[in-house]
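Spelled out, the chains give:
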Amino acid sequence: MFDLQQAIARAVAGSDDLLHDDDVQLALDMLYELHYTGFDEADDGWEWSPALLAGRSLIEAAFERALRASVPMPELPEPRADAVAAALFELTAPTPGPGLARTIEREATDEQAREFIIQRSIYTLKEADPHTWAIPRLRGRAKAALVEIQSDEYGGGRAERIHAALFAGTMRALGLDDTYGAYIDAVPAITLASLNMSTMFGLHRRLRGSAVGHLAAFEMTSSLPCRMIGDGFRRLGYGVDVTFYYDEHVEADSVHEQIAGRDLAGGLVDAHPELLADVMFGAAACLVVDGMAADDVRSAWEAGESSLLGSAVRS
Amino acid sequence: MTDEDRPAATPAIVACPDGPLLVRGDVDLVDPQGRPLERHRRTVALCRCGSSAIKPYCDGTHKLKHFTTGGA
Ligand code: FES
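Order-wise, the sequence lines are chains L and S. For reference, each letter of the first sequence is one residue, going 1 to 315 in the working numbering. For reference, each letter of the second sequence is one residue, going 1 to 72 in the working numbering.
It should be emphasised that the hints constitute simulated quantities derived from the structure, not laboratory data. Wrong hints could be hidden among the right ones.
As the list claims (entries may be wrong) - Okay, derived cross-link-like pairs now, EDC-like style, lysine to aspartate or glutamate, Cα gap no bigger than 20 Å in a straight line:
id	chain 1	residue 1	chain 2	residue 2
1	S	K55	L	D82
2	L	K143	L	D82
3	S	K55	L	D247
4	S	K65	L	E90
5	S	K55	L	E248
Stated by the list, open to error - On the chain S side, residues computed to face chain L include the following (Cβ under 7 Å):
id	residue
6	P36
7	R39
8	T43
9	L46
10	I54
11	Y57
12	D59
13	K65
14	F67
Please read these numbers as outputs of a predicted model, since none were measured by experiment. Here a beta-carbon is modelled for each residue, glycine too, at the ideal position from N, C-alpha and C.
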């Protein structure tokens, strides 16, 4: 009989780079998806299947080890809100020189710009969801801050302003399929690893500090790149139906990054100084993994290739 | 207690070090003629470095300009 645990253990042990392992990351993504909106074909009860959860934890343990081995730990600031916010802003300070957002702004072709949207769709069609898991694990100032950010992400009560829905609008305006998972087979492992990492931080109470640090770093590296990406699509001749998502994030994330740095991450460390290292690790992990994903896209393009797997999506 | 009796949360402006002014709560944002400014979210960040392209709101440009407020 097929032994799931053994198969997973073998796959994990046989992988020399878990962050770039297509099979392992896709498996983890699917196991996590059972906790999000699920699959039409999968029984809802599978979410809490002991066998699947046991398999998932094998992957997670190895994934967490791989992350800790790949992410250099930043220097720890004093465990005070202002020092934490300052350290996070320093860690995430804009770096001069090339980057994926700048490539989109200045030189990406139409096909590459659409490919970028496909890459981003894996996370952005469920934007904010991974961090929402952390809400009931926080209290006081940090909780209020996270709810304030998430409420804005979820449209402040207006379904059409939910950020994931705005992104779906961008996809449709580009003629892309906005069904969740439509491009799951086309994206490389590292793109899945980026979402898997934030889901792991969100689903494990033990890692709540890293969920918070991850969100802070994500927000702090968003507003300036979003403007460049919006400008890139305008350069390619697209209108506001495509760029609105990005235009909205220039303003929104300039607000969110302040709340995330001071009240969310800072507020959490003020109340729980013992979570300082987890917060900083989550922030650093966000930068490293998303940086790897972006670098892979740019190197593919520099080599004149697509960053997607196969040629499934050249429409 | 009806909604009217409930104490309104006092609006607050947070001066973010080296960054914008964060405005929370029920505050009218208007132009010099008193016309309401377009506002898309409950909490907004007002640019105080002068470099934003979406004034009066902050767009993060203060970081590129290395804007400092000397801790205030
Ligand atoms: S304060 Fe942020 S752009 Fe001016």
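Do the hints match the structure? See the list:
1. Distance check on the hinted pair: S:K55 and L:D82 sit about 26 Å apart at the alpha-carbon level, beyond 20 Å; violated.
2. With a C-alpha separation of about 17 Å, the suggested pair L:K143 and L:D82 falls inside the 20 Å cut-off, and the hint holds.
3. Proximity of S:K55 to L:D247 is assessed by CA-CA distance (about 14 Å); at most 20 Å being required, the pair is judged to hold.
4. Distance restraint check for S:K65 and L:E90: the Cα-Cα separation of roughly 14 Å lies within the 20 Å cut-off, and the hinted pair is therefore satisfied.
5. Annotation: proposed proximity of S:K55 to L:E248 holds, straight-line Cα distance about 14 Å (limit 20 Å).
6. The closest approach between the C-beta of S:P36 and any C-beta of chain L is roughly 16 Å, which is over the 7 Å cut-off, so the hint fails.
7. This hint is violated: S:R39 has a C-beta 10 Å from the nearest C-beta of chain L, more than the 7 Å allowed.
8. A hinted interface residue such as S:T43 counts as satisfied when its beta carbon comes closer than 7 Å to some beta carbon of chain L; here the least separation is about 6 Å, so the hint holds.
9. The restraint placing S:L46 at the interface with chain L is violated, with a minimum CB-CB distance near 10 Å, outside the 7 Å limit.
10. Below 7 Å, beta-carbon pairs count as interface contacts, and S:I54 has one with chain L at about 6 Å; its hint therefore holds.
11. Evaluation of the S:Y57 hint against chain L yields a held restraint, the C-beta minimum of about 5 Å falling below 7 Å.
12. The criterion of a C-beta within 7 Å of any C-beta in chain L is met by S:D59, whose closest approach is roughly 5 Å, and the hint holds.
13. Hint status for S:K65 relative to chain L: violated, with the closest Cβ pair at about 11 Å, above 7 Å.
14. Taken as an interface hint, S:F67 does not check out: its beta carbon lies about 12 Å from the nearest beta carbon of chain L, beyond 7 Å.
Violated hints, in rising order: 1, 6, 7, 9, 13, 14; the structure is consistent with all others.
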